[in-house]
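Novice: Assemble the whole structure, with the sequences as input and the hints as a guide.
Protein chains in written order, with our numbering: chain Y, 56 to 342; chain P, 2 to 335; chain S, 17 to 332.
Think of the hints as simulated: they come from the structure by calculation, not from any bench.
Among the hints, a few may not be true.
Which bits of chain S does chain Y cover? Going by a derived footprint, with three or more residues having C-beta under 8 Å, they are [to be verified]:
#1 105 to 112
#2 124 to 131
#3 178 to 184
The beta carbon of each residue, even a glycine, is placed where N, CA and C say it ideally should be.
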Amino acid sequence: MESTYKKKSQIADVWSRFKRNKMALAGLIVLVVMIILAIFADVIADFETEVIRQNIPNRLQTPCAQHWFGTDEFGRDIFARIVHGTRISLQVGVISVGIALIVGGFLGAIAGFYGGAIDNVIMRIMDVFLAVPGMLLAIAIVAALGSSMTNLMVAVGISSMPSYARILRASVLSVKDMEFVEASRAIGAKNMTIIMSHIIPNSLAPVIVQSTLGVAGAILATAALSFIGLGIQPPNPEWGAMLSSGRAFMRDHPHVVLFPGLSIMLTILVLNMIGDGLRDALDPRLK
Amino acid sequence: MDNIQVSVENLVVEYKTEHGNVQAVNGVNIQVKKGKTLGIVGETGAGKTTTALAVLRLIPNPPGIVKSGKIIVDGEDISGKSEFEMNKIRGGIVSMIFQDPMTSLNPVLTVGDQIAESIGIHQGLSRKEAMKKAEEMLEMVGIPGYRSGEYPHQFSGGMKQRVGIAIALSCNPQLLIADEPTTALDVTIQAQVLQLMKSLRDQYGTSMIMITHDLGIVAEVCDDVAIMYGGRIIEQGTLEDIFKKTKHPYTEGLFNSLPNLANRTEKLKPIRGLMPDPARLPSGCVFHPRCLYAQEICQSRVPQRTDFSDTHMVCCLAYEEGTNIEVKGGGRIV
Amino acid sequence: MSDALLKVTNLKKYYKTKKGVLHAVDGVDFTIEKGKTLGVVGESGCGKSTTGRAILRLVEPTSGTIDFDGVNVMSLNAEAMRKMRTQMQIIFQDPFSSLNPRKTVSEIIAEPLKLNRIITNRKEREAKIHELMSTVGLADRLFNTYPHELDGGRRQRIGIARALALDPKFIVCDEPVSALDVSIQAQILNLLQELQETRGFTFMFITHDLAVVNYFSDEIMVMYLGKVIEKATSDELFNNPLHPYTKALLSASPVPDIDHKPDRITLRGEISSPIEPKPVCRFAPRCNLCMDICNQEMPELKDVGDGHIVACHLVE
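Specialist: Here it is as structure tokens:
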């Protein structure tokens, strides 16, 4: 009851609630730093000379002032590769989840809202997707389309689409029987208006958490695909690929896998923290 | 004072919230006489359920803390009892009927099991004996005994509330606390359940606390009435005192808010304003922002109890010395 | 009856369930005249809410005709129905679930204006929202608050403002005060009544509370298991109830008066199943005055004079 008569935009409102969650704020700061690093990767380290070019005499150096994270088995600076890898990982993570979320979420919302035959058809197709292990599906898609970054994102996106469809369908089902949906129909809203402005905003919370986890999963899936040679092609720096190629030297030179591994972990952690904060911030009831 | 079954003295309960401490109950004194029924009347947030839960020491902690207050059951102070001893009191000596019969029963146990559970805990009977007793209890509340093997979802709302009553009465408690027991029920079913509660109460001589917002139910079931507002009892007395010699402006407002079955052309006179936010109770008399008769003094001075008789007390500055507030006492429009 | 605003004939709503066909509303007829209020009383499961929603076709009636202001509502297509609903509105029971928790008060009230392109200019729309808020007694400072920050009474005012935004002729009030505290309930009832007096609304007032319906209605219709069992003017129904169920209902409601010693009729059992009911009197299993014929034939609605109609074999 403390609101004053003052117009505040939706975004400002969400932000003011988000700010209050210190963990989420910390996560956001780290993520912003990572994004800045990704944007200015070329300024920090030159792609041709530092990231790709092999420098065998320099191989497997432990971290020092010149090479903060040491060098890998080809003598390339690991820090430089990780910074450039951030670009790939974040891009793949965000875009593939975006694909999964938009396509899967939309199908799930439609299925939940209309029910009946539409629901049945959509969800059975999703079940077929779910029946095939996600990794296998992604492999099949990349194998069929050829390995490129775009195809990789499409593959990872499609393979995780069914889970978004299921989650959104479930929460749409619980929201669509609320009286405010009926109220909105009573004042002349069309189905699409009802879905977009009433049902989806009230069903998003579980999907937001799922998608932050999903970005993490997509980064891992990309890494796995890169490992079996279907993802990012060497010598391009990708965290998963770095991890798998470094694994042979893990025993004597742990730094080769430690830093890519830490990068993946940090990214996942940060995304989860932001996801939690965002879910709460988007709900005006939690003031 | 040995005809007092339960008395609560100076009960203060606070809830910790993000906005600071909220005083849900602020210095409540109530007494329930043996075999009699006390009605606690109030609106949302008045503190009536908190008071009842405090008697059973069931205030969830955190966020709730009982700041002070003695609870004396049958001459014994239970406020210092251990959790183990309390479990014997709960359900055994004092038991409770909840508002929502849909959620107060466990959906995966048969109703017979749920009644027998309570009997088993308190009377140390074998399972077979307890089940037999459970069937008797069901018969007593008007449900055929053979249905004891059925699950709650097979019962209607009214039937579930009967099961709740059977559980509450299964160990012959001395005090029964009923928290809005008929609010979720239809009128004709409500009449059946109230009828049942009255006859069982009279049969076993159980004392009762009836929490309700419905003055009609109070008129029908209760002997004494306590009106709560903003965590305080603002008027207390016998049925006659409250209904015929209404003193507090809030009580008067409650009566005037009710549509009258007998006179339908009468315009309602609602109490203005809203229930106060328990986190920000008004200063002085908690009711003053909504009171028709409020004067400046009501904003600063906290009213103390004024006794009109052995039974009737009110907390309103209009009845205190040195104030000049005119109240149409008992200004009830009938 | 030339000034009838709404005429409903043989309205039915059946639901298919696994156990059979559920007769939620089973052949209901009534008319409401302009500016009048029809109270609909009954207990849960009697079909009163479904009837209210069926008139607005928020639930699609199985059969029947609905004649609203000379328009056959049942013949309208989806788009025409959408336009039609600007004249027929509904106020919901639950002030908590009937408002989208993610929209502010002003957004909720603006929605009908936007959707129906009634006021497209933003400035004018805001002015209209302020006007509506003051009509229903909401303070200006609540413009940008969310419903969860407000108590039940103020939320219900938002729901009323939303219904008024389209300036309808007819409003279905589906238990608008049963979720509210007594003192707030009276405020909302008075508000609705003032609105009717000043703006001439026609109401269908659905409730289980007899005192409320009596206070509010010109005519009262009592429903039981999807059927109308009695209908009369308010005074007539309260002074001279004829159906045993109406009598029981009247006697069962607690009266806040200690001198009132009700001559209570306690009914046996509970409402029976609405799934494929037999063509007999639906109240017979609970009726204290049940005769043989009650379990053989369905009683027809009979007019006993002055528009007082009742469906009971006891009434000749």
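Novice: Hint by hint, work out which the structure violates, then give me just those numbers in ascending order.
Specialist: Of the numbered hints, all hold.
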